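4 protein chains.
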Amino acid sequence: MIVVMKPGASEEDIQHVVQLVQEYGLKENVIRGTDRTVIAAIGDKRSVDKGAIENAPMVEKVMPILAPYKMASTEVKKERSQIKIGPKQFPVGGRKIAMIAGPCAVENEDQIFRIAEAVRQAGGIGLRGGAYKPRTSPYSFQGLQEEGLKLLAEARKRTDLAIVTEVISVETVDQVCEYTDVLQIGARNMQHYALLEAVGKADKPVLLKRGLSSTLDEWLLAAEYIINAGNPNVILCERGIRTYEDYVRNTLPLAAVPALQARTHLPVLVDPSHGTGHAYLVPPMCRAAIAAGADGLIVECHNDPEHALSDGAQSITPQALLTLMGKLKRIAEAIGKEA
Amino acid sequence: MIVVMKPGASEEDIQHVVQLVQEYGLKENVIRGTDRTVIAAIGDKRSVDKGAIENAPMVEKVMPILAPYKMASTEVKKERSQIKIGPKQFPVGGRKIAMIAGPCAVENEDQIFRIAEAVRQAGGIGLRGGAYKPRTSPYSFQGLQEEGLKLLAEARKRTDLAIVTEVISVETVDQVCEYTDVLQIGARNMQHYALLEAVGKADKPVLLKRGLSSTLDEWLLAAEYIINAGNPNVILCERGIRTYEDYVRNTLPLAAVPALQARTHLPVLVDPSHGTGHAYLVPPMCRAAIAAGADGLIVECHNDPEHALSDGAQSITPQALLTLMGKLKRIAEAIGKEA
Amino acid sequence: MIVVMKPGASEEDIQHVVQLVQEYGLKENVIRGTDRTVIAAIGDKRSVDKGAIENAPMVEKVMPILAPYKMASTEVKKERSQIKIGPKQFPVGGRKIAMIAGPCAVENEDQIFRIAEAVRQAGGIGLRGGAYKPRTSPYSFQGLQEEGLKLLAEARKRTDLAIVTEVISVETVDQVCEYTDVLQIGARNMQHYALLEAVGKADKPVLLKRGLSSTLDEWLLAAEYIINAGNPNVILCERGIRTYEDYVRNTLPLAAVPALQARTHLPVLVDPSHGTGHAYLVPPMCRAAIAAGADGLIVECHNDPEHALSDGAQSITPQALLTLMGKLKRIAEAIGKEA
Amino acid sequence: MIVVMKPGASEEDIQHVVQLVQEYGLKENVIRGTDRTVIAAIGDKRSVDKGAIENAPMVEKVMPILAPYKMASTEVKKERSQIKIGPKQFPVGGRKIAMIAGPCAVENEDQIFRIAEAVRQAGGIGLRGGAYKPRTSPYSFQGLQEEGLKLLAEARKRTDLAIVTEVISVETVDQVCEYTDVLQIGARNMQHYALLEAVGKADKPVLLKRGLSSTLDEWLLAAEYIINAGNPNVILCERGIRTYEDYVRNTLPLAAVPALQARTHLPVLVDPSHGTGHAYLVPPMCRAAIAAGADGLIVECHNDPEHALSDGAQSITPQALLTLMGKLKRIAEAIGKEA
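Residue numbers (this note's numbering), protein chains in the order written: chain P, 273 to 611; chain Z, 273 to 611; chain R, 273 to 611; chain E, 273 to 611.
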């Protein structure tokens with residue numbers, strides 16, 4: 273932590289901050305410049321609220337230096353994590369690109385089996401589909417719930433795809449674990465800490481979506497909650513952030529992929545469906561994500577998007593998925609990977 | 273809903289959309305302009321995912337017309353809601369400004385009693401204080417939990433202030449109800465729907481903070497979840513949004529106050545502590561919020577901000593609170609209210 | 273400047289940075305922590321591009337410490353600036369609130385004289401009105417140009433109001449100076465440096481609007497360009513920033529007012545018309561701006577907003593202005609000022 | 273334009289809006305729904321300020337339907353534009369990817385010739401380099417000006433690369449035209465309309481960067497200014513937008529590439545240097561941009577980034593450029609293009 277004093281700070285002001293720094297268990301280092309004095313506070317105490325020092329007289333600002341997460345960090349674990357998912361134990365985070373696709377919501381048997389088969393044929397390794405749906409409006413379709421989970425489990429039996437589905441409450445973690453392979457934490461729940469701790473105690477890998485406007489630090493701290501609770505198998509998923517842009521549902525910042533890879537050993541997927549909100553933007557952004565180095569994709573795919581019960585606008589068809597996969601394969605190869 | 277067709281859409285394309293509109297239970301109204309055709313779809317069906325129509329051939333965009341919430345809306349209830357809180361049943365939402373103040377977290381008996389007394393003396397009507405703390409880092413102080421709730425209840429007994437505290441999980445709703453007067457839903461939980469439904473079944477008023485980057489529609493839909501579950505006593509609290517601005521923790525958009533008052537009958541408070549993140553900005557933004565027409569304030573106040581266990585940087589002292597209240601009183605009077 | 277090294281940086285890496293720091297004319301101060309080494313570089317060299325050091329091996333990040341502006345800063349000039357404008361030499365920046373109002377664009381004689389008279393009667397001290405209009409679309413009304421300036425000068429003769437009008441090109445600075453009292457630099461031109469230098473050589477005060485998404489540093493550096501070119505009479509004007517919010521044209525961050533007052537001695541006005549974009553939000557945000565401590569307001573006012581040639585949606589009527597002024601007077605008094 | 277009336281609007285209110293719509297030269301179409309009345313106003317009048325109608329009694333909102341630009345639009349010109357640049361008349365906008373690279377600023381003969389040669393060897397088709405530099409601080413290096421232009425012209429003679437350089441004032445347009453091949457309009461000047469009109473009268477292609485926080489509509493309207501002034505040869509360049517993200521200088525929204533291609537026939541380049549601000553993020557985002565379908569790239573490249581006079585942090589080395597080009601070639605092929 274660097275404490276910058278205001279110009280004109282007296283020796284007494286400086287010593288007051290030195291004392292505060294020491295009270296926080298840190299070692300001070302006073303640097304007297306031409307214009308102002310800076311106090312560097314050394315020591316690894318991530319748990320204290322150092323911002324409080326800002327209240328001391330003549331303090332201008334307090335700047336943290338250390339990343340606030342540990343176990344998710346490349347400082348602690350240098351080799352990249354590989355996380356195996358589904359009946360075939362597909363390794364997410366290796367040379368091979370992971371394509372997970374499926375509808376926003378499980379709607380009925382015919383729909384989910386038809387799409388699952390299409391995903392398998394396209395070379396996907398996972399099937400996504402919501403059984404419990406967090407919906408912005410209480411009047412929207414809330415998902416088939418356990419019935420949906422059963423359909424997903426049946427789809428797995430038919431296709432060997434890994435089942436990825438969202439869990440939205442502590443109470444249903446066990447139930448969702450029973451039927452599926454990967455527990456998805458949605459953007460709205462990224463800082464729902466009780467849920468993070470609950471999936472941290474589960475024995476299934478977790479797909480942790482980025483919160484709507486979260487920073488990388490906040491996101492990696494959410495991963496840290498899960499790892500800290502006992503589950504090291506966290507897959508990050510960039511799904512776009514909220515900005516002023518109005519031609520997209522969210523702005524998809526793909527630089528997050530290499531930026532995360534410099535900070536964490538966890539695998540990073542990208543969700544261009546939520547990341548753009550419009551079907552015509554999904555294939556180009558899937559290609560871009562793979563080119564940027566993402567470990568895989570999660571894509572909304574529906575056999576009849578015009579009648580989808582949710583997220584129809586951003587779902588691509590099985591045919592579009594198939595065409596896309598051919599291009600992704602070549603892009604992956606261009607950067608030394610496979611699809 | 274307005275469906276805008278692309279230029280060059282054929283009659284067949286138009287009829288296809290007309291049919292979709294009818295399938296959704298809406299009545300179409302086709303308007304043929306010089307450049308393009310527009311289809312207005314009439315009827316109140318808030319639950320369907322109309323975006324799906326965007327997938328139909330030659331559709332350029334789909335624009336909603338109706339606000340998606342009902343019970344929170346001034347369309348349904350024209351007179352402004354007054355919500356009574358605490359032992360004195362102070363009416364939030366009337367002529368009198370509600371000042372709620374207190375520390376970020378309950379730390380110990382001496383701290384909370386001392387601050388409660390200062391809040392009472394300054395003319396506050398509520399005491400805020402966290403017992404269950406949602407913290408960005410798993411390594412930060414997580415609150416005194418039930419012990420903290422007991423201290424808050426004791427502070428109420430001594431001061432008659434209404435106790436406002438955050439509830440962060442479905443499991444603890446009953447416990448928090450037992451000790452306190454107002455259930456706060458924090459920004460991170462604004463779209464934690466299971467929790468919204470749980471407090472919707474509780475018999476205490478709810479203080480619903482705006483999510484970090486939520487729109488007014490999303491926020492009012494969160495209120496709608498609570499009202500829809502049976503609890504009409506929702507108080508909204510603007511606490512700032514995330515933007516690129518770096519001299520504040522959040523950007524506090526006070527225009528939200530009159531904009532909300534045009535859309536909803538629910539009372540609106542403002543939290544300038546989280547809304548700015550720095551103690552020196554809190555008094556001016558408190559004054560501005562009242563001048564903009566807010567029904568009250570919720571402010572972090574700590575007797576020793578330099579040593580606060582959380583949010584020290586944004587806490588004002590009891591003395592600053594007292595001085596502020598004098599000014600707020602005069603500003604309230606300037607716009608025909610009282611403090 | 274603080275250079276943070278990556279964990280694992282070797283002594284050679286550190287010495288390489290030390291050498292770079294010295295080449296930049298700064299003095300290094302090496303601080304060896306438990307996890308990583310930090311190099312504080314001391315000395316006031318604001319002109320070099322220190323970010324380049326980020327390219328040195330094993331550098332994690334480079335954090336600046338000093339504000340990049342000087343003459344606009346409270347460090348250099350502690351007493352607040354008062355800038356006198358118009359025939360009556362009204363002091364902007366003192367105890368008395370400055371109200372500047374008028375139409376977006378000068379449209380014709382009748383319109384501008386009628387509005388000028390209304391502004392005078394309401395107690396305004398300045399008349400705003402665009403003669404040269406920077407318009408987003410080449411097909412929009414571009415202003416009456418010199419003819420508009422003449423009408424503004426005539427309105428001044430009739431009312432003694434200070435004339436505030438935008439200047440959009442270096443070529444027209446002299447002409448605009450001839451007819452008016454305050455040169456407005458619009459948000460789009462905040463970083464049009466040739467124009468900043470041109471008004472820096474003019475002998476009229478400058479009203480410098482904040483750029484659409486500028487930081488406080490960028491804004492104060494734009495002021496620094498003007499002061500550095502020879503004109504110390506710069507009035508800042510907050511007019512809202514672009515965010516994801518969709519119920520407003522811009523988000524008006526009033527915390528900028530006290531935040532600026534802590535950083536600069538220049539007066540700060542607020543423009544709630546552009547800052548919200550809707551007439552119904554203008555009066556509450558005017559009140560809030562004054563309560564937050566702004567030195568004055570600039571407001572769009574039109575006698576027939578439904579037919580205004582530009583910005584009709586955000587213009588208030590003369591009657592609304594009059595009512596507003598009564599409230600502003602009382603709010604100003606509440607915080608020890610006058611209106 | 274769609275005018276949405278508030279619930280409870282009377283027939284008189286509706287007729288008042290009908291009359292306004294007619295006054296604006298549009299044809300009304302009144303649609304009476306269950307909850308509210310909507311008035312669709314038909315006719316192509318892009319120049320009027322329809323927002324003014326928002327002031328009429330009982331109007332809730334006004335929603336535009338038509339894109340505000342014409343000549344830049346795919347509605348007016350369906351085939352994609354190809355714009356030929358430099359001594360070799362390289363076609364930007366075709367199957368072949370355009371790589372333009374070079375330093376932020378021309379610093380001296382040795383630097384620019386060395387980098388130009390490296391760009392040529394890597395397969396670039398253009399050399400970028402600033403002679404007139406718009407700098408945020410008046411104390412920063414402002415460029416070599418005409419001397420820099422001469423060095424660029426000499427570098428062209430040696431390499432046959434197209435010279436791309438920024439023009440920052442109306443006065444220097446002719447001079448810049450004399451020495452270079454493509455006139456760059458920087459992000460800060462995207463709405464500097466006098467400059468847009470000046471380059472619109474020049475006989476060189478224009479590279480128009482996206483403004484810092486501009487929408488696609490604003491950007492395409494800036495292009496429209498140039499085309500409208502007589503110069504159809506506009507190349508768009510996405511360079512990132514300002515968001516809350518702090519690990520990048522800007523957030524680079526690559527979905528803008530396909531979104532623009534659906535709206536305009538103009539070629540689209542991407543600038544990952546300004547779009548990220550950090551050298552380590554530049555190669556992955558170059559790859560992503562090409563995979564998303566961009567027509568080319570503009571990249572900062574410096575032989576000694578640690579000592580660059582500006583933008584050192586985001587400049588890649590000639591060696592990194594060479595390696596990158598090999599990968600870009602394969603990615604281009606994967607999507608049916610060439611590099």
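Derived from the structure by calculation, the hints contain no laboratory data.
None of the values given here were measured: they were computed from a predicted structure.
Check the hints yourself; a few may be wrong.
Cross-link-like lysine-lysine pairs, in silico, DSBU-like; alpha carbons within 35 Å at most [unchecked claim]:
no., chain 1, residue 1, chain 2, residue 2
1, P, 278, R, 368
2, Z, 429, Z, 473
3, P, 349, R, 368
4, E, 356, E, 333
5, R, 333, R, 601
6, Z, 278, E, 368
7, R, 368, R, 299
8, P, 368, P, 278
9, P, 278, R, 422
10, R, 333, P, 350
11, P, 349, E, 599
Structure-based check of each hint:
no.: 1; hint: P/278 x R/368; in the structure: 30 Å, holds
no.: 2; hint: Z/429 x Z/473; in the structure: 26 Å, holds
no.: 3; hint: P/349 x R/368; in the structure: 61 Å, violated
no.: 4; hint: E/356 x E/333; in the structure: 44 Å, violated
no.: 5; hint: R/333 x R/601; in the structure: 49 Å, violated
no.: 6; hint: Z/278 x E/368; in the structure: 30 Å, holds
no.: 7; hint: R/368 x R/299; in the structure: 46 Å, violated
no.: 8; hint: P/368 x P/278; in the structure: 53 Å, violated
no.: 9; hint: P/278 x R/422; in the structure: 48 Å, violated
no.: 10; hint: R/333 x P/350; in the structure: 19 Å, holds
no.: 11; hint: P/349 x E/599; in the structure: 29 Å, holds
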